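J.: Model the full structure from these sequences, guided by the hints.
Number of protein chains: 2
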Amino acid sequence: MADDQRTTLTQQIQAQEQKIKQLKVNNADATVVDGEVAVLKGLKQQLDAINANSPDKKKKKAGKNAFVLKTPKGTKDHNDKEMAIREKVFSTITKVFKKHGAVTIDTPVFELKEILSGKYGEDSKLIYDLKDQGGEECSLRYDLTVPFARFLAMNGKEYQNFKRYHIAKVYRRDQPAMTKGRLREFYQCDFDIAGTYDPMIADSEILKILCEALTDLGIGQFSVKLNHRKILDGIFEICGVPEDNIRPISSAVDKLDKSPWEDVKKEMTEEKGLPEEVADKIGEYVMLKGGRDLLEKLQKDEKLTQNASASQGLADMALLYDYMDIFGITDKMSFDLSLARGLDYYTGIIYEAVTALSAAPTTADGKKVERKTKKGTDELDESTVGVGSIAAGGRYDNLVGMFSGVNKKGEPNLKIPCVGVSIGVERVFSILMAQQKATEIKSNETEVFVISVGDGLLKERMQIVNQLWDNNIKASFMFKNKPKLDKQWNACEKDHIPFAVIIGRDELDKGEIRIKDMRSKDAAQGGGITVQYADMVKELRSRLSEL
Amino acid sequence: MADDQRTTLTQQIQAQEQKIKQLKVNNADATVVDGEVAVLKGLKQQLDAINANSPDKKKKKAGKNAFVLKTPKGTKDHNDKEMAIREKVFSTITKVFKKHGAVTIDTPVFELKEILSGKYGEDSKLIYDLKDQGGEECSLRYDLTVPFARFLAMNGKEYQNFKRYHIAKVYRRDQPAMTKGRLREFYQCDFDIAGTYDPMIADSEILKILCEALTDLGIGQFSVKLNHRKILDGIFEICGVPEDNIRPISSAVDKLDKSPWEDVKKEMTEEKGLPEEVADKIGEYVMLKGGRDLLEKLQKDEKLTQNASASQGLADMALLYDYMDIFGITDKMSFDLSLARGLDYYTGIIYEAVTALSAAPTTADGKKVERKTKKGTDELDESTVGVGSIAAGGRYDNLVGMFSGVNKKGEPNLKIPCVGVSIGVERVFSILMAQQKATEIKSNETEVFVISVGDGLLKERMQIVNQLWDNNIKASFMFKNKPKLDKQWNACEKDHIPFAVIIGRDELDKGEIRIKDMRSKDAAQGGGITVQYADMVKELRSRLSEL
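Quick mapping for you: the protein sequence lines, in order, are chains A and B. Counting in my numbering, the first sequence runs without a single skipped number right up to 547 at its last residue. Counting in my numbering, the second sequence runs without a single skipped number right up to 1094 at its last residue.
Hints are computed from structural coordinates only; laboratory data are not their basis.
Derived lysine-lysine pairs resembling DSS-like cross-links, with alpha carbons at most 30 Å apart:
{"no.": "1", "chain 1": "A", "residue 1": "Lys169", "chain 2": "B", "residue 2": "Lys716"}
{"no.": "2", "chain 1": "B", "residue 1": "Lys962", "chain 2": "A", "residue 2": "Lys474"}
{"no.": "3", "chain 1": "B", "residue 1": "Lys879", "chain 2": "B", "residue 2": "Lys635"}
{"no.": "4", "chain 1": "B", "residue 1": "Lys645", "chain 2": "A", "residue 2": "Lys95"}
Predicted model only: the values in this text are computed from it and were never measured.
T.: If you want it as structure tokens, here you go:
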């Protein structure tokens, strides 16, 4: 058999080589030639794969390129159990989003390269590019926010007033640290409100949505750190940070959740050239945490209130606290002046939700990965969020304008302010997977398994299962002419199917079938109640409605 | 403002150039340098974008590279209305799949290039490759079948008995014919049953699932063309086609749904070197269509029954007809000997569902695209299926084995037979979108809009909407301190929200609110019934349950 295949492939390879030669003679377009070369390579690989296992050593050598069976670095398959958890998470979150009037849109998985360029600062080097196969230069999306802003810039006139969510995969060519749960392909789950509104109303609804979603996901206690870019920028101005050093100093401050003040101060002074007394002044502010009490304290700080940026930020925060009180979420919030967030594009409030629970990351087959923690700290992290974070976001009023072009005055043609949140669903999956055994997860929804006793009764089982399907009951049976009774029971139990319909020749002749509740472990293979065949659907419906 | 940005960007560009220079001096790794160059390019593009709109002509010239705002060629955004239809389609299909016990898995959007190589014959040239940025060579998935087979080869021992569906995007670097509805990124929707079972049982359930899904989708009349690769191969053998010409002749036969016999015969004889009498003999068989009557006719054909391959195929078909009778789907089937299907990997029954309806493709904004049809034929097509097709599939018993490696005898290490179907959901979307006006599609699920009359009553509206959310009622309000009444009505109508809760100062003081059914057009902005605030949730729940 292998020899036949080898002969056919060898002929195909020769023909393909001839074709490519001819194309080159005819000066065919390079992309056409490349395509045919790809076909040739495929054929050669097939041949390699066969030769690799050949007992003939000489041929074996030629097969050294036979490939390893795996997914690309930093990616993984998600099996049925994992998908069951994922679907539960998505549907829980989507329900909350829809309760708040959100719609969804879909954008391509890749964008023109230039759309993504200049949006992610130093992280631009993590963008995946598509190969230039003749045509446009494209890259896989890095997040869902930039494609959303691009969509708004293209269609914004129809979407001046827009609540949208988007749950999809994004791509980052990071050094994958699987043991940290960091992947190159992972889901993001974004909710954003676009439009020009009165201050802080949409912002407070986003925070309400975040609290509802995290509560409904059942991942335990959480709190939301809250800050305002304008207060932070005001503090930097007051303390004497030069304007072009504000963002670098801001990202140093953002490390305060992981590093002690001394390290952050060192970064500010030694790496970023800030005078020590300036750093100390910043330190006095950014160590402050609290609730509305902190806001009231800052409102009495004349240096802050006299700074235009800080004053605006404080006014926003006061309004926000009023609205959060109405929405009943103030107790979840922690006003934290050390929160700075990495991304450059935020212009107003910023926030990050943290959870007390950690999660052991799992491999593709659901096994727990052993983690090495450094200095006893929990180092699990995701690309979007810091240590312990489960969601993050903020207001970004200028991103859409970056895509809309500028008018003669240098102002954007279209300005659509936005506020949004991104929930770190990969971390949520990890937490929920860690909470249960894989074998206990029911990944199918099958309600009834049709079992025959004695004879195979294939056609009779098919008749019954067909009747169940036609009555919208989720049902399965074994694809064997004469399945063994044991195997049928096992299949039913393995898939956690709650009911079995059991048929035997004698009972069928009397127009009867048996229904057994598989969750009652008492009578292993016996038991159940006998009902008339005509009452089967009615009886099952009544029992299923009680589940 | 533009000048400030320009100065900052110029400084950043200089700094970045310096950084790259230094990296090169230090012999840094090429991928590191490439990353920093990508950052530099981004900064330069931002500068270009600003200069492009500068009134200063000299600067304008530098901005000639400013980008066009669009999605990549062959891709499109899907707006909220389109997504509402898509979600309906996905949930309808998923419900059918789950009724039949299916689970879902997820695989990465890209695979190692060598996994895809040699699987798609000449179409391999349509595979999208990722750029080699240091590391593995990867390609975007071309379909969902090969990743499924790769998954089974990796995890098959746990999945000997597996019904899985997968709804996800695939990628083909085809010449996009948007007017034909053909895209480079499109959804596939696959259902497959893997495992070693008794003959034709799983095959018949796949056909049952296909009929249920197409019926539930509400796309009108359809029929399913049915054939068997072994019967077809037997016919070719009997007629005298040399073995290495069977697949090429088979793909000529597959064109009979689009081309007259004379053209197909010409391809067989002139292009593929078949003697005319052989082609004529084939013609006698492949023009045959029918039902079980055709099967019975073929069962009496001694030439066929004496051919091992055809005889096996006929036995399969006989069993299949028995099972289809039980499942009540025989009337949808058309046994059609001209159906050959393009893909090489089919080994048993093959099928293709066709619908009477055609659909006008739409652009991203929901407008209908004007189509040019050639010779009066409907040329709408999708990459997976032929003209008029809406679903297709077949049995492929050897694909998993291609990934599992071969033993010393040249046989695959792991053999998992599969049968599956792929529903052409892009075409289903087109048909359903064409059936209704975009403005009439409700893309949100909001049930109640809270409106104030007279004063703005922002905090009161927020209190009410919060109470509705806490009671799981989907509610919205306008993000304005003092919204105009007209604008609130318009928002409510535009989003097709069925109920309004209307509040005014006087009524609130009396503890009352008004509930209005927005679908009753009689009393434009008045009307509705007054209820006690305490009864609001109860009253709304009762009305919503009647929707």
